[in-house]
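Student: Now for the letters of each chain:
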Amino acid sequence: MSASTSTARPLGDLVYARSGDKGGDANIGLWIPAGRPDAAVDWLLSLVSVDWVRQMLPEAAGLDIDLVPLPNLRGINIVIHGILGAGVAEGVRFDPQAKAIGEWLRSRYVEIPGELLS
Amino acid sequence: MRVPDTKQPIRIGNCSGFYGDRISAMREMLEGGPLDVLTGDYLAELTMLILGKDTMREPETGYAKTFLRQAQDCLGLALEKGVRIVANAGGLNPGGLAEALEKLGTGASIAYVDGDDVRDRLTDFPGALTANAYLGGFGIARALEAGADVVVTGRVTDAAVVMGPAIWWHGWTAEDLDPLAGAVVAGHVIECGTQACGGNFAGLFDAVDAGLVADPQEPFGFPIAEIAADGSCVITKHPGTGGLVSVDTVTAQLFYEIQGADYLNPDVTTDLTTIRLRQLERDRVEISGVRGSAAPEKLKVAVNELGGWRNQVEFVITGLDLERKAELLQAQVEAALPADLRRSWAPWRAPAADSPTEEGAAVLLRLTVWSQDEQAVGRAFTGPAIELVLASYAGFHVTAPPGKPSAYGVYRPTYISRDLVEHTVHLPDGTTEVIR
Chain A
252 MSASTSTARP
262 LGDLVYARSG
272 DKGGDANIGL
282 WIPAGRPDAA
292 VDWLLSLVSV
302 DWVRQMLPEA
312 AGLDIDLVPL
322 PNLRGINIVI
332 HGILGAGVAE
342 GVRFDPQAKA
352 IGEWLRSRYV
362 EIPGELLS
Chain B
116 MRVPDTKQPI
126 RIGNCSGFYG
136 DRISAMREML
146 EGGPLDVLTG
156 DYLAELTMLI
166 LGKDTMREPE
176 TGYAKTFLRQ
186 AQDCLGLALE
196 KGVRIVANAG
206 GLNPGGLAEA
216 LEKLGTGASI
226 AYVDGDDVRD
236 RLTDFPGALT
246 ANAYLGGFGI
256 ARALEAGADV
266 VVTGRVTDAA
276 VVMGPAIWWH
286 GWTAEDLDPL
296 AGAVVAGHVI
306 ECGTQACGGN
316 FAGLFDAVDA
326 GLVADPQEPF
336 GFPIAEIAAD
346 GSCVITKHPG
356 TGGLVSVDTV
366 TAQLFYEIQG
376 ADYLNPDVTT
386 DLTTIRLRQL
396 ERDRVEISGV
406 RGSAAPEKLK
416 VAVNELGGWR
426 NQVEFVITGL
436 DLERKAELLQ
446 AQVEAALPAD
456 LRRSWAPWRA
466 PAADSPTEEG
476 AAVLLRLTVW
486 SQDEQAVGRA
496 FTGPAIELVL
506 ASYAGFHVTA
516 PPGKPSAYGV
526 YRPTYISRDL
536 VEHTVHLPDG
546 TTEVIR
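Residue numbers (the numbering used here), protein chains in the order written: chain A, 252 to 369; chain B, 116 to 551.
A hint or two may mislead.
No more than 25 Å apart at the CA atoms, straight line, and that leaves these computed lysine-lysine pairs for BS3-like [what the hints assert, rightly or not]:
(1) B/Lys413 <-> A/Lys273
(2) B/Lys218 <-> B/Lys196
(3) B/Lys168 <-> A/Lys273
(4) A/Lys273 <-> A/Lys350
(5) B/Lys415 <-> A/Lys273
(6) B/Lys168 <-> B/Lys415
(7) B/Lys519 <-> B/Lys168
(8) B/Lys180 <-> B/Lys196
(9) B/Lys196 <-> B/Lys122
(10) B/Lys168 <-> B/Lys180
(11) B/Lys415 <-> A/Lys350
(12) B/Lys180 <-> B/Lys218
Residues of chain B clear of chain A, computed beta-carbon distances all greater than 10 Å [stated by the list, open to error]:
(13) Met171
(14) Ala409
(15) Asp436
(16) Gln447
(17) Pro466
(18) Ser470
(19) Asp488
(20) Glu489
(21) Phe511
(22) Thr546
(23) Ile550
Hint data in this document are derived by calculation from the structure and do not stem from the laboratory. A virtual CB, placed ideally from N, CA and C, is assigned to each residue, including glycine.
Here chain A stands alone, though its shape is the one from the complex:
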């Protein structure tokens, strides 16, 4: 994959997501849909790091983040600890149950190798 063939695109052009809450923690599952090449899974798993999550979602900057690769599901689980305070009822955050944090992440722009999108 040469950088010259990459274009800045929303992550969601290549990646699906589902997010939700567990107490004060949010989780975001990111995966490559069926029908996309396996190379896209390798790309996703090498793209996602704790620093990358903090860059994409600045609200997570000061929080503990766990990454759990699940290559059998063609994706990775991101757990952001404490982003929802003491849980949904306390309501510290817009979207207190992290229902849409995955869709927000899908709308962020990343460099995606052109051949993965074709």
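Assemble chain B onto chain A, guided by the hints.
Tutor: What follows is chain B alone, placed relative to chain A:
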């Protein structure tokens, strides 16, 4: 009534993913095609708090009232079709729900599972509004074995309402770790209702564009798991219902509300890295290969405490000079609030310039405050904010009149020794048994 034929998979449907889900789903699932057991999940972390507040006002409540309405409408139909019903709709008062179900006079055999309430056994959480240990599926299985047509429970795990029927049908024991793990995965996939069938699904429009969903406005079907004796299963939905069941809709639900690769349940620890998915045909996805290991030593407990009071105001800032307007507003409001009042200004970002709509030219500045003292977040908070109406930036307005403080809950998970929990099943003949 259907009797277990372990050569055949058990066909388990779901008709509820939360307290407030589609009320007609129980009838739709009973009428839409054959099932052995119909299940429903009514309890989220937040639901326990809501039910806890209900019992503060009326101690005889504490269960999901919508389930009772559904049962009133559908229990006769379920009996006629030989479909058993299992739901955690009992919430904080499964015995009360069982009693209300008896009063419907349908002649159904009703069992309930409790023992999850551990408020009097936790030392670290004095005065907790609710504290419920997550129970597994063996109490439900025992009730079905004893002939219950309906089993209602308190806080069993979401997956347990599906595991229980599979344990009963296939005669699994606590040592059958791989089949139990398979049933946990099946349960996790169908416990959130239509989320397995195209609801809340990032790939919906791709599926529409690919011709896999004819009409996304057609109500999404609720999911079904056909669980075989080895714990493998097929996820599907009734024919003619909306949405779709694909590898991607199942993957989406597998990622929902998970943490590490080990998925903990009271009956088994499931290794999520072993799951294999395969599209068999349209709307049929096979899940196989799931491996389980010993269950965790302690049980998880969901604790809800009353946290205090909260309130908020949303200020609208429109047009030009957004940064300076926001800065002025924040300075004015901050000056009027006591320094020790806990508060949070939500982050915002300027919209695109030259908007053809007023709303598109505006941003919301949301200020939330919390306190142990109701007064401190009542008029003492909203008064100074509203006094700025004619005295701040150009175009000042708020999205709603000043609101009253609302009580908020604080959720904290903890863990408890199994010895302190009496997982109890109350059988239709009036006897009780403790599950060990």
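Student: Next step is simple, just say for each hint if it's right about the structure.
Tutor: Against the structure, the hints come out as follows:
A hinted pair counts as satisfied when its Cα atoms are at most 25 Å apart, and B/Lys413 with A/Lys273 qualifies at roughly 18 Å. Between B/Lys218 and B/Lys196, the direct Cα distance comes to roughly 21 Å. Compliance with the 25 Å bound is thereby established for this hinted pair. In summary, the hint linking B/Lys168 to A/Lys273 is supported, as the alpha carbons are separated by about 21 Å, within the 25 Å threshold. Note on A/Lys273 and A/Lys350: the hinted pairing holds, with a Cα-Cα distance of about 11 Å set against a maximum of 25 Å.
Restraint check for B/Lys415 and A/Lys273: satisfied, since their Cα atoms lie roughly 13 Å apart, inside the 25 Å limit. About 22 Å separates the Cα atoms of B/Lys168 and B/Lys415, which keeps this hinted pair within 25 Å; it holds. For the suggested pair B/Lys519 and B/Lys168, the alpha carbons sit about 17 Å apart, so the restraint of at most 25 Å is met. Pair hint B/Lys180 plus B/Lys196 holds up; C-alpha atoms about 24 Å apart against a cutoff of 25 Å.
For the hint pairing B/Lys196 with B/Lys122, the CA-to-CA distance comes to about 21 Å; that is within 25 Å, so the pair holds. Between B/Lys168 and B/Lys180 the CA atoms are separated by roughly 14 Å; this keeps the pair inside 25 Å, and the hint holds. For the hint pairing B/Lys415 with A/Lys350, the CA-to-CA distance comes to about 23 Å; that is within 25 Å, so the pair holds. Taking the CA atoms of B/Lys180 and B/Lys218, the gap is near 14 Å; set against the 25 Å cutoff, the hint holds.
For B/Met171, the requirement that its beta carbon stay farther than 10 Å from each beta carbon of chain A is met, with the minimum near 15 Å. Annotated as non-interface, B/Ala409 keeps its C-beta farther than 10 Å from every C-beta of chain A; the closest such distance is 20 Å. Once the 10 Å rule is applied to beta carbons, B/Asp436 is consistent with being away from chain A; the minimum gap is 24 Å. Interface exclusion of B/Gln447 from chain A stands, the closest Cβ pair being 23 Å apart, more than 10 Å.
Its beta-carbon lying about 15 Å from the closest one in chain A, B/Pro466 satisfies the requirement of being farther than 10 Å from that chain. Listed as a non-interface residue, B/Ser470 keeps its Cβ farther than 10 Å from every Cβ of chain A; the least gap is roughly 19 Å. With a minimum CB-CB distance of about 16 Å to chain A, B/Asp488 clears the 10 Å threshold, and the non-interface call stands. Every beta carbon of chain A lies more than 10 Å from that of B/Glu489, the smallest distance being close to 16 Å; the non-interface claim holds.
For B/Phe511, the shortest C-beta to C-beta distance to chain A comes to about 21 Å, beyond the 10 Å cut-off, and the non-interface label holds. Distance check for B/Thr546 against chain A: the nearest CB is about 37 Å away, which clears 10 Å, and the non-interface claim stands. No Cβ of chain A comes within 10 Å of the Cβ of B/Ile550; the nearest lies about 26 Å off, and the non-interface call holds.
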